[in-house]
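S.K.: The lines below spell out each chain.
4 protein chains.
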Amino acid sequence: MKKLSLVLIGMGRIGKIHLNNILRHFPQVQISGVADRDYNPEQFAREYGSIPFSRDAKELVAKPEVDAVLICTPTSTHADMIRLALEHGKHIFCEKPVDLSLETTKQLVDQVQGSGIKMMLGFNRRFDPDFLHAQRQIKEGRIGGVQIVKITSRDPGLPPIEYIKHSGGLFMDMVIHDFDMARYIMQKEVKEVYARGRVLVDPKVGEAGDIDTALTTLIFEDDSYAVIDNSREAIYGYDQRLEIFGNKGMLQVENNLHNRNIVYDKQGIHQSLPLDFFMDRYAASYLNEMKFFIEALQNNQPIPVSGQDGLEAVVIATAAKWSVEKKRPVSIAEVKAIL
Amino acid sequence: MKKLSLVLIGMGRIGKIHLNNILRHFPQVQISGVADRDYNPEQFAREYGSIPFSRDAKELVAKPEVDAVLICTPTSTHADMIRLALEHGKHIFCEKPVDLSLETTKQLVDQVQGSGIKMMLGFNRRFDPDFLHAQRQIKEGRIGGVQIVKITSRDPGLPPIEYIKHSGGLFMDMVIHDFDMARYIMQKEVKEVYARGRVLVDPKVGEAGDIDTALTTLIFEDDSYAVIDNSREAIYGYDQRLEIFGNKGMLQVENNLHNRNIVYDKQGIHQSLPLDFFMDRYAASYLNEMKFFIEALQNNQPIPVSGQDGLEAVVIATAAKWSVEKKRPVSIAEVKAIL
Amino acid sequence: MKKLSLVLIGMGRIGKIHLNNILRHFPQVQISGVADRDYNPEQFAREYGSIPFSRDAKELVAKPEVDAVLICTPTSTHADMIRLALEHGKHIFCEKPVDLSLETTKQLVDQVQGSGIKMMLGFNRRFDPDFLHAQRQIKEGRIGGVQIVKITSRDPGLPPIEYIKHSGGLFMDMVIHDFDMARYIMQKEVKEVYARGRVLVDPKVGEAGDIDTALTTLIFEDDSYAVIDNSREAIYGYDQRLEIFGNKGMLQVENNLHNRNIVYDKQGIHQSLPLDFFMDRYAASYLNEMKFFIEALQNNQPIPVSGQDGLEAVVIATAAKWSVEKKRPVSIAEVKAIL
Amino acid sequence: MKKLSLVLIGMGRIGKIHLNNILRHFPQVQISGVADRDYNPEQFAREYGSIPFSRDAKELVAKPEVDAVLICTPTSTHADMIRLALEHGKHIFCEKPVDLSLETTKQLVDQVQGSGIKMMLGFNRRFDPDFLHAQRQIKEGRIGGVQIVKITSRDPGLPPIEYIKHSGGLFMDMVIHDFDMARYIMQKEVKEVYARGRVLVDPKVGEAGDIDTALTTLIFEDDSYAVIDNSREAIYGYDQRLEIFGNKGMLQVENNLHNRNIVYDKQGIHQSLPLDFFMDRYAASYLNEMKFFIEALQNNQPIPVSGQDGLEAVVIATAAKWSVEKKRPVSIAEVKAIL
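Protein chains in written order, with full-length UniProt numbering: chain A, 1 to 339; chain B, 1 to 339; chain C, 1 to 339; chain D, 1 to 339.
Treat the hints as calculated values from the structure; they're not laboratory data. Treat the hints with caution; some may be incorrect.
Copies of one chain are not kept apart here, so a pair can be met inside one copy or by any two copies together.
[As the list claims (entries may be wrong)] Listed next, the in silico EDC-like pairs over lysine to aspartate or glutamate satisfying Cα-Cα at most 20 Å (straight line): (1) Lys106 / Asp202; (2) Lys118 / Glu334; (3) Lys204 / Asp222; (4) Lys191 / Glu325; (5) Lys336 / Glu295; (6) Lys63 / Glu189; (7) Lys139 / Glu59; (8) Lys3 / Glu325; (9) Lys266 / Asp36; (10) Lys326 / Glu192; (11) Lys327 / Glu192; (12) Lys16 / Glu162.
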C-alpha cells in the first residue's frame, strides 16, 4: 500500500505533538515536509533528520505526491492555509477554530463542502478515550434518552493577557470545545443559548475586553439541556468532567489524576490532583484524533469532525457572546440570520 | 430546668418523624399534646401512651404551659396554624413552605417579625451533617470566595399526580429546597433567575399543569452563579449533590450510598445506589433541625432558618416560574414589586 | 403480646448504649431493672426515672417476670453473671468474650448448651449493616467460592496501659473480633493459625507483657485463607475494612467516613477520615444486634451468635498467642487438645 | 554526544516492547542489531527496515561499537546470554529472573559484581509511575516508619499449562515481582518467609506440579511485615495494588481502570474494570525502566535494579517454596546456607 503523504504547517506546541505522534505511531504515513515561518532549519534538521523543511508552506503543499495538509498555525492564518490546501486539492486537518469570523468560517466550510476535499477539525477532546467511550455508551442507549448534560471545564490558570487579546474571547477560544462536546454527546443541534460571564480571576482580562468565568445554558432542538461552567483558573488544576443524565441512568466522566495513590494521615484522606497541562491531559486524544484522520483518508471514509461541526460551534459561541451582551437568551436562528 | 413544652400538629409522615425524634432524643422536652384531624385516637394511645391527643389543634395550643407549636399539617393549613400560634403567643416550627401564596407568606412573615415570637422553617437539608459541614467550611474560607454553586437535586420517582396538582408546582414544592440551599451556601441574596422547565417523565404532569424537569440559573447580588438541575425521576435513586467552586478550591458533597461495599465481577466494579427515600436520606437532618430549634428556644438564641428565609425561597420560586413562562431572565426586584 | 422483660447488668459505656437503644427503639421491651456496683443511684434516677436500680445483680435477675439478662460488666465477672442467669433460668446476652480462660469458656458454653437457655454473644460487628450485607451477598454466591479473606483492623489509638494489663492480650481483646468476622464471612472453621506480633506503638505495651501490632494467617478446613493485620494505633483513625476474593468476583467493605465531602485545593483532593470512635463507627451494629437478640427471644428462634461462636474465637486467639510464642503455625486441634 | 549502541536479543512480546519503545522515544540510542533464533528475517526487515538482524546473538554482541545488550530471551537462556555479554565486556539489561537456579544466579551475580559491567534486571513494576511515586513518598517519610506492607497481585487468567511447566513455579515466575516490590518499598532485607499455596483455579496446575493461589508473609530484618496474596485468576482482571501502613499514615496504590466513566442505573453504580493485560497495565513501566537504564549508562550512574536485587528475590522465592513444602516458616539464612 502506498504511504499516505502529509505536510505539516506550524511547528508550535500542537504542531510538534502531531509530528511526533505521526513519526512514532504511524509507519504507514510519510511526512513529506514541515513548514514554519520562524523555526530554525538547523535545529529542525538536528531534531528530525531528513524530513524536508521549508519556511514556505506553499512550496510543500504544492508537491504532487502530498495527500493532505495539517494546519497547526495560529488561528489568524487558518483561512489562508485552508484556501491554499483547497487550491492544490489536498485534504485538510485544521486545528480549531476554522476562523474567528463567523462569515469567513461559513464561506470556507461551504467551499470545502463543494470541493470533494475532506476537512477534519481538531476538536481533540472528542477523541479522549473516556469521552469517546461515554459518547458510544450513550449512542448505544446505556442511559436512555438524554435529558441534561453538565460540562465542567475549568482551566488550570490564566493564559498570558497578550494571548487573550487575540483569542477571540472566552467563548470562541475555550468554551468552543465544550460547545462541540455538548453537540457530540447529544448528537443534536442547539436552538437557544443563555450565557452569563464575568471577570473574577484577573481584572486585566476585563481590561482586555474579555471575561474569565462563564455559565452557559444550551437548549437543544428537542428541549433537552446542557449547562457548561467555565473558569480560566481552577486552583486545583485542569478540571474536565461530564455528567449526562438520561431516563435510564446517569453517566459521569471523571478527571484523570496524576496518580492512583491515596494517602491517609492525621488530616484526612488525600489524592493527587487532576493532570493539569492540556498536553498531558489530552495526550491520548491527540494521538487518537490523528489515527481517525489517517484512517478516514486511507479508507476513504467520512471524517469524524467536519467543517460543519466547526461552524456550528462558532455559531453557538457567537450566540453565547451576544447573550452575555444582551443579557437575554439568544436563539441560534438569530445568529444564523446574519450569514 | 423547666422542660420545654411542645405541641405537635399533624401526624403525617413528617409529624411522626419529629414526634419520634423528640421522644427518643430530647428528654428535656415535654410533648404537651398532639393534634390531628384524622388520626385514630385509640391507635395513638396504643402507640404513644399517655401523651394528650386531640382532634382540635386550638385546644392544645391554648394551654398556658405550652412554649411552642410544631406545624406539620398540609401546606394549605400552615397560615391558619401560624396565626393560631401567634394568637396564643407560642413559638413556631413550621414545615416549608409558609404558604403557596407569596402575599400570604409576606404577610405572615411580617406579622411574626413584629411579634417577638420565634418561627423556624423546616428547611431540613440545611441540617444534613454533610451540607452543614460544607457550609461551615465555606464560611471559614476553606475554598476562598465562592464563584459557582452547582446543585443536583433529582427525586427517585414521581409523586402521585393528585399530590402534584396541589403542590404549588415543581419550583414551589421541590426546587424550593434547592433555592434555600443556594442562599444558605452562598450567604448572599439572589438578584435574578433564569429557568427552563419541561415535561419529560410523564405527560400526566403536563396535564396537571406542572413540569417535571428543570434547569435554573441564579445570579447573586455580587454576580456569582448557582445552577440547579432537577428531575422528578432519577432511575438510580435520590440524587442530592453539591459542587461549590471558589478561587481557592472546590468542595463537593457526594451522595450517601446504601452501603460501603464494592463488588468486582466480570462486568465491572459495582457500588450500591444512593439512599432513595427522603426519610432515610435525611434522617439525621430531621433530628438535627429539631435539636437546633429546641436549643434556640432553650437558650433564647436566634433561629437558624427564619420566616424571612422562607419568604426569599418563595420569591425565587415565583421568579423561576415566571421565567419559564416568559422565556427570559426574571429579576427578584420584579417579583418583589408585587408585594 | 406480653412485653419482653430484660435486666441489664453493668452501666459502663456498652451497658449505656444498650440501655438507651432499648429505651428508644424497642417499645415491646420492658427494662425490669439495671444493676451496677458503682453507679450512683440518684444519678440513675435522674437519668432514667422509674427504672428499678440496684447495686446487686442477683436481686434483679431473681425476679420471676424477667426473661433475659444483658451482661455488660467487665470480662472478669462474665462467668459469674452467666452462672447467675443460668441458675435462674434466664436467657443471656453477654458482651464478648465469655471469659479469658479457655477452660472456663468451654465449661460455660457446655453448660449453656445443655440448659435450654439461649445465650448470645456481643460480636457486634457482625451486625454492622455493611458487614451484614457483605456476608449475605457472599452466602448468596455473589462472588462464588471464597478463596482469600483480608481483614484490616486497626484501632485509632492505644487504650490505657492499665486496661491492656487486664485485657487478656491483643489477640483475646482486639483481634478476637476479627477472628469471629473471618468465621462469619467464611462460614467455615479454622484449622491452623500462624501469627506474628510485636511492640511498635509504645514500649509500655511490651512492659505490660503484650504486643500492639500483629499479622495473623488463618487456614480454614478447606485450605482457604484469611489474613488479618492489626495495630493498636492507626494515626488516621479507626480502620475497619474487609476484602473477600472469590472465584467469581471480589467484595470490599470500605470505611465509613465522617462525611461525604471532598475538597480540592492546591495540595490535592481531600476527604474526611474514617469515623474514629468505636461507638460512632458501630452505632448501627449495637442497635442491630439488640434487635436480633430481642427478635430471637420473642419468636423463639436460634440466636445469631452462640456461645460456641465465642468459644471458637477464644480457641483461635489462643492458637495465635501460642504461634507468636512458638514462632510456628499452631493447629486448632493442638489447642483443643487441652480442653 | 556519541549515541549509545544497543543490541537486543529475543523478539518475543517483551523484546518487541523494548525495541519499539527505544525506536520511538530514545533518539540518543542506536539499535546496532537484533537477534532472534526464530523470527523471520524478511518480516523483520519489513517491520524495522535497515536495523541489522541476525539469528546469532554472538555475532551482534561481539561488535566493538556495542555498549550494552538487552536480554529478552526465555529464562532458560539468560545465563548463557549474560556470560556472552560479560565475555565481550558489554553492559546488560536482563529480563527477570536471572536464572531459575539459585546457584547459577548467585554465580552470575558474583561474576557481574567483579567485572565492572553494569547489569540491570527487568523488575519493571518498580518503574510504574504510581509505584515509583509511592516508593519516593515513603522514602521521604510521608507515612513515617513502615510497619506493614500488603501486596495484592492477582493475574487475570491462567497462562498455558505448557508455560507453567517451565516457569519455575508460581513463586519464581509470578510472586517474584511482589518479593522485589516488597524489598523496594521497604528498602530492607527479608529475614523469614512463611507461605501457603494451593491449587484452586485449575487442577491441571497441580498435575503440572505447581500451585495457582498463595498467601505469603515476609518478616523483615527489623520485624516489620509484608503480606502478599496471589492468584493466577482474578475474574475481574489484573489486580495490582499496594497498601503500606506506617506510624504516620497509610498509603494505597489503586488499580488503573480502563476508563474514568461511572454509570448509575437501576442496579447500582458501575465503573470499568482494571486494565487486564500486563502490557497495557505496565506500558509506562516498560518505557520508564528503559529510560532509567539508558540514563544510568549514559551518565555512568548506578543501576536502579542490580543483579543482587535479582538474587535476593530468587532467594525469597526459594524460601517461599520450601515453606509451602515444609509447612513452616523458613529463614532466609537457611536458604543462603546452601549457596
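S.K.: Regarding Lys139 and Glu59, is the shortest C-alpha distance of 20 Å or less found within a copy, between copies, in both, or in neither?
M.R.: Neither: 43 Å inside a chain and 56 Å across chains, both beyond 20 Å.
S.K.: At most 20 Å between C-alpha atoms: does Lys16 with Glu162 qualify within a copy, between copies, both, or neither?
M.R.: Intra 22 Å, inter 46 Å, cutoff 20 Å: neither.
S.K.: Check Lys118 against Glu334 for me: Cα-Cα at most 20 Å, and say if that holds within a copy, between copies, both or neither.
M.R.: Answer is neither; intra-copy 29 Å and inter-copy 52 Å both fail.
S.K.: How do Lys336 and Glu295 come out at 20 Å by Cα distance, when the copy is not named: within, between, both, or neither?
M.R.: neither (33 Å within a copy, 58 Å between copies)
S.K.: Can you give me the call for Lys266 and Asp36, within, between, both or neither, at a CA distance of at most 20 Å?
M.R.: This pair counts as neither: shortest intra-copy Cα distance 54 Å, inter-copy 38 Å.
S.K.: Regarding Lys191 and Glu325, is the shortest C-alpha distance of 20 Å or less found within a copy, between copies, in both, or in neither?
M.R.: both (18 Å within a copy, 18 Å between copies)
S.K.: Cα distance capped at 20 Å. Does Lys327 pair with Glu192 within a copy, between copies, both, or neither?
M.R.: Classified as both; 13 Å inside a copy, 11 Å across copies.
S.K.: Check Lys3 against Glu325 for me: Cα-Cα at most 20 Å, and say if that holds within a copy, between copies, both or neither.
M.R.: neither (50 Å within a copy, 60 Å between copies)
S.K.: Checking Lys204 and Asp222: alpha-carbon separation at most 20 Å within a copy, between copies, both or neither?
M.R.: Intra 40 Å, inter 19 Å, cutoff 20 Å: inter-copy only.
S.K.: Within a copy, between copies, both or neither: which one fits Lys63 and Glu189 at a CA-CA cutoff of 20 Å?
M.R.: neither (39 Å within a copy, 64 Å between copies)
S.K.: Please work out whether the CA atoms of Lys326 and Glu192 approach to 20 Å or closer within one copy, between two copies, in both situations, or in neither?
M.R.: both (14 Å within a copy, 15 Å between copies)
S.K.: For Lys106 vs Asp202, is the C-alpha pair at or below 20 Å within one copy, between two copies, both, or neither?
M.R.: neither (33 Å within a copy, 40 Å between copies)
The structure shown violates the earlier hints numbered 1, 2, 5, 6, 7, 8, 9 and 12.
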